[in-house]
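Letter by letter, the chains look like this.
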Amino acid sequence: MLESLDAVTLARAQFAFTMSFHIIFPAFSIGLASFLAVLEGLWLWTGREVYLNLFNYWLKIFAVTFGMGVVSGIVMSYQFGSNWAAFSDKTGPVIGPLMAYEVLTAFFLEAGFLGVMLFGLKKVGKGLHFLATLMVALGTLISAFWILSANSWMQTPAGYAVNEAGQFIARDWWAVIFNPSFPYRLVHMVFAAYLTSAFVVGGVGAYHLLRNRMLPEARVMFSMAMWMAALVAPLQIVAGDLHGLNTLEHQPAKVMAMEGHYQSHLNGAPLILFGLPDQDAAKVDYAVEIPKLSSLILKHSLDAPLNGLDTVPREDWPPVPVVFWAFRIMVGLGVLMAGLGLVSLIARARGRLYDWPWLHRAGVAMGPAGFLAVLAGWFTTETGRQPFTVYGLLRTADSASPLDASAVAASLTAFVIVYFIVFGAGVVYLLRLMAAPPQSGEEGPSEDAPSHAAGITPATAMRSRPASPSLEAPS
Amino acid sequence: MTGATELATVWAFIIAFAVFAYVVMDGFDLGLGMLFPLFPKKADRDLMMNTVAPVWDGNETWLVLGGGALFAAFPLAYAVVMPALYTPIIAMLIGLIFRGVAFEFRARSRRQNGWDLAFAGGSLLAAVSQGIALGAILQGIVVDGRQYGGGWWDWLTPFSLLTGAALVAGYGLLGATWLILKTQGGLRERAYRLSQPLLIATLVAIVAVSLATPFLEAEYWRRWFAWPNIVLTAPVPIAVAAAALALWRSLAARRDTPPFFLALALFALGYAGLGISMWPYIVPRSITIWDAAAPANSQAFMLVGVAIMIPIILAYTGWAYWVFRGKVDPDAGYH
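Chains as they are written, first to last, in our numbering: chain A, 1 to 475; chain B, 1 to 335.
Just chain A, with the same shape it has in the complex (with noise of 0.2 Å):
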């Protein structure tokens, strides 16, 4: 099996392994970073501790998240030379200086706040953390900003010239970051990280009100969650739809991949629903399909013609049957999101809230559905792309560096153990966090042991004690 794989499949197998495994950590963090910053400005606003026991709570998560999202990341700006090395010759002088604005201004004002976030509240006081928490917050949008900018850039890429050296460079800074997807992607993908986190939040805090509906913390975090299903699933459906007449628009490949249009349609093209698609033989195998709809999605007309891949060369046919696929899996968990947020609503206004187990059954199936839908999203997105790194001008196979297939088998493998031992135990972790109770008086991350074996009662401990004693100065 591996003899038959070359150095280039084998390096896109790695660089998707490595990203799936690195995007699940900041699509949670970019959203629970801002939940974190709203549970502390309600905290200040209203004194209620129900919003403190709220934010130690989900800031140890947070911690566990942050650390693993960090390092997978730094997996990734180094992978570009190591496994891209022709792809990071020509395309670092356009999409280089993207990724070093974003390590500028957002991963060091992350990590620069993180450790006063996570340890300082009693050494720096109040108004002091609440920024440091809102400079985290910060961080983690103004990354998805800059790192968007060069994904789409990647997509959609404008602005630029090729010099003698074939390098691509910049004519027009302005072009080059608000390409003509970036905008459509940069909101599609803040959505999906609220609704990731919106849904983890929502399927703790249904897991614990199955436990005891009175639990104060645990109603708070369902509604809270639950209010961001109703308002942000339907906003980032309409998002999507715009993002995908977008895509129509500049790759439109990439559409009747998704769409599984293998054939062109002059007389409205039917939307099909499911089905297997065959690349070898350019067609759907038992295809359920609605007459006309995909053409009055795309073109808002029932007899618009719409074209298939069979005007497009085919060595330039991405791989139909993931793209299919993963776009399904998508759009089905972003219906059943939007459906969830509704019933919510409907239970909400006859005051049954919390007190609906089946509603908050659905709510704990529902937890993981964020970072599913972000996953295939992303394939959709990038697989859509193939067989191209920069969308038309710069193919795959192009892209790679001079490794011997085995290196790369080799590194893949590491990177495969690795990572499952290693994101394998921080998920662990992750759902011994989420599965105990948030308390009264919940105390902060404290990487201090001796603190939680000297038998002090958690609901007096965040008042009588810093929420880190060890990293204590000597005033």
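Among the hints, erroneous ones may be present.
[Claimed, not checked] Quick look at which bits of chain A chain B covers, simulated, 3 or more residues with Cβ under 8 Å: (1) 103-112; (2) 188-201; (3) 226-237; (4) 410-418; (5) 428-440.
[Unchecked claim] 20 Å max Cα-Cα, derived SDA-like pairs, lysine to any residue: (6) 299/A / 267/A; (7) 41/B / 117/B; (8) 123/A / 321/B; (9) 122/A / 117/B; (10) 126/A / 316/B; (11) 123/A / 327/B; (12) 283/A / 250/A; (13) 122/A / 321/B; (14) 126/A / 323/B; (15) 126/A / 321/B; (16) 123/A / 323/B; (17) 123/A / 318/B; (18) 122/A / 326/B; (19) 123/A / 41/B; (20) 122/A / 41/B; (21) 122/A / 323/B; (22) 327/B / 124/A; (23) 123/A / 326/B; (24) 123/A / 315/B; (25) 122/A / 147/B.
[Stated by the list, open to error] Here are some of the chain A residues that sit facing chain B, going by a computed Cβ distance under 10 Å: (26) 63; (27) 80; (28) 84; (29) 87; (30) 89; (31) 115; (32) 248; (33) 250; (34) 407.
These aren't lab readings, by the way, just hints derived from the structure by calculation.
Ideal Cβ placement from N, Cα and C applies to all residues, glycine included.
Use these hints to put chain B onto chain A, whose structure you have.
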């Protein structure tokens, strides 16, 4: 194109600064991890971890800046060096993963020893890999057109193993002197006793690498020993000797703050020595900083960001260190 030449020079110094900032900040943090096995008591280990827990994320961000800025400002060098250093880079990343997650995981796990081992082993692996990568760059990389042209094992030589060992000794010294700065009592006394052999090991390593380097390339030899260069290069080893002597005395006198900063001075001098050897090459003997430079408009665009952001970053990083300044108190947990 004079503007472009100067821009590339400025960027070479910016990347050199980022890498040095990384070595200064993550060096003690990796060194402390490697010293973990010598401090078997859990309470000591908790304390050691607490001295770096609030700042390690920021420390490692300098490594991301080094890699990211190399990608952006010198894409050709990034594209040649990363495949050449494939194995040590992957090993470093895996080491950093294990040690990075250990900060949170060891507090969450029911079996702490596993993550203690991950912290120590990951720190050691990252340090050795960084040292080997440094040696592999110094000894030269085979370049073919705009790509790496060598084999998968080119990085592995006696010289690169020597630089790997040298960095382990040096980071160990930084870690031990950091503990002197941040702890007290028995833990600090152990750190003093460890610092002395680590200083000797570091000096042996510096001397060995310094003696071996000029023999790698005739050009290194000329640069250091030919007249009149020797007038300018001779102060470097003299300053190393002076710093080492001062460090030895401050350890013997059980001084608190100077050892860490003198150990940093040793690193700064060693780093300056590397700069003297390499300049103006970014891949020794094959690619100069000007060959590898991204177009001037890319470098200029980023320079705006660097000029604005680096002072701000240094300011809030300094603030974070200030907030967590002073000795870490082992008894505070029981109040």
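Going through the hints against the structure:
Counting residues of the region 103-112 of chain A whose C-beta sits closer than 8 Å to any C-beta of chain B gives 9, which meets the bar of three, so the coverage hint holds. Under a criterion of three residues with beta carbons nearer than 8 Å to beta carbons of chain B, the stated coverage of the region 188-201 of chain A fails, only 0 such residues being counted. Here the region 226-237 of chain A counts 0 residues with a CB under 8 Å from a CB of chain B, which misses the bar of 3, and the coverage is violated. A count of 4 residues in the region 410-418 of chain A with a Cβ less than 8 Å from any Cβ of chain B is obtained; the coverage claim is therefore met, three being the minimum.
With 3 residues having a Cβ less than 8 Å from any Cβ of chain B, the region 428-440 of chain A passes the three-residue criterion, so the hint holds. Between residue 299/A and residue 267/A the CA atoms are separated by roughly 12 Å; this keeps the pair inside 20 Å, and the hint holds. Taken as a hint, the residue 41/B and residue 117/B pair is honoured in the structure, with Cα atoms around 13 Å apart against an allowance of 20 Å. A distance of roughly 12 Å separates the Cα atoms of residue 123/A and residue 321/B; the hinted pair therefore holds under the 20 Å criterion.
Annotation: proposed proximity of residue 122/A to residue 117/B is violated, straight-line Cα distance about 31 Å (limit 20 Å). As the CA atoms of residue 126/A and residue 316/B are separated by approximately 17 Å, the hinted pair is consistent with the 20 Å bound. This hinted pair checks out: residue 123/A and residue 327/B have alpha carbons roughly 14 Å apart, not beyond 20 Å. Between residue 283/A and residue 250/A the CA atoms are separated by roughly 24 Å; this puts the pair beyond 20 Å, and the hint is violated.
Of the supplied pair hints, the one linking residue 122/A and residue 321/B holds, its CA atoms being roughly 15 Å apart against a limit of 20 Å. Restraint check for residue 126/A and residue 323/B: satisfied, since their Cα atoms lie roughly 14 Å apart, inside the 20 Å limit. Between residue 126/A and residue 321/B, the direct Cα distance comes to roughly 18 Å. Compliance with the 20 Å bound is thereby established for this hinted pair. As the CA atoms of residue 123/A and residue 323/B are separated by approximately 7 Å, the hinted pair is consistent with the 20 Å bound.
As the CA atoms of residue 123/A and residue 318/B are separated by approximately 15 Å, the hinted pair is consistent with the 20 Å bound. For the suggested pair residue 122/A and residue 326/B, the alpha carbons sit about 16 Å apart, so the restraint of at most 20 Å is met. At roughly 28 Å between alpha-carbon atoms, residue 123/A and residue 41/B are farther apart than 20 Å, so this suggested pair is violated. Using a Cα cut-off of 20 Å, the hinted pair residue 122/A and residue 41/B is violated, with the two alpha carbons roughly 28 Å apart.
Between residue 122/A and residue 323/B the CA atoms are separated by roughly 10 Å; this keeps the pair inside 20 Å, and the hint holds. For the proposed pair residue 327/B and residue 124/A, the alpha carbon gap of about 17 Å is at most 20 Å, so the pair holds. A threshold of 20 Å between alpha carbons decides the hint, and for residue 123/A with residue 326/B the separation of about 13 Å falls inside it, so the pair holds. Proposed proximity of residue 123/A and residue 315/B is supported: the alpha carbons are some 18 Å apart, at most 20 Å.
For the given pair, residue 122/A sits about 53 Å from residue 147/B by alpha-carbon distance, which is inconsistent with the 20 Å threshold. A distance limit of 10 Å between C-beta atoms decides the matter here; for residue 63/A the minimum to chain B is near 5 Å, and the interface restraint holds. For the restraint placing residue 80/A at the interface with chain B, the shortest Cβ-Cβ distance is roughly 6 Å, inside the 10 Å limit, so the hint holds. At about 9 Å, the closest approach between the beta carbon of residue 84/A and any beta carbon in chain B falls short of 10 Å, and the interface hint on this residue holds.
Interface restraint check for residue 87/A: the shortest CB-CB distance to chain B comes to about 8 Å, inside 10 Å, so the restraint holds. Hint status for residue 89/A: holds, given a least beta-carbon distance of 4 Å to chain B, under 10 Å. The closest approach between the C-beta of residue 115/A and any C-beta of chain B is roughly 3 Å, which is under the 10 Å cut-off, so the hint is satisfied. With a least beta-carbon distance of about 32 Å to chain B, the hint placing residue 248/A at the interface is violated under the 10 Å criterion.
Interface restraint check for residue 250/A: the shortest CB-CB distance to chain B comes to about 24 Å, outside 10 Å, so the restraint is violated. Hint status for residue 407/A relative to chain B: holds, with the closest Cβ pair at about 5 Å, below 10 Å.
In terms of the numbered hints stated before, the structure departs from hints 2, 3, 9, 12, 19, 20, 25, 32 and 33, listed from lowest to highest.
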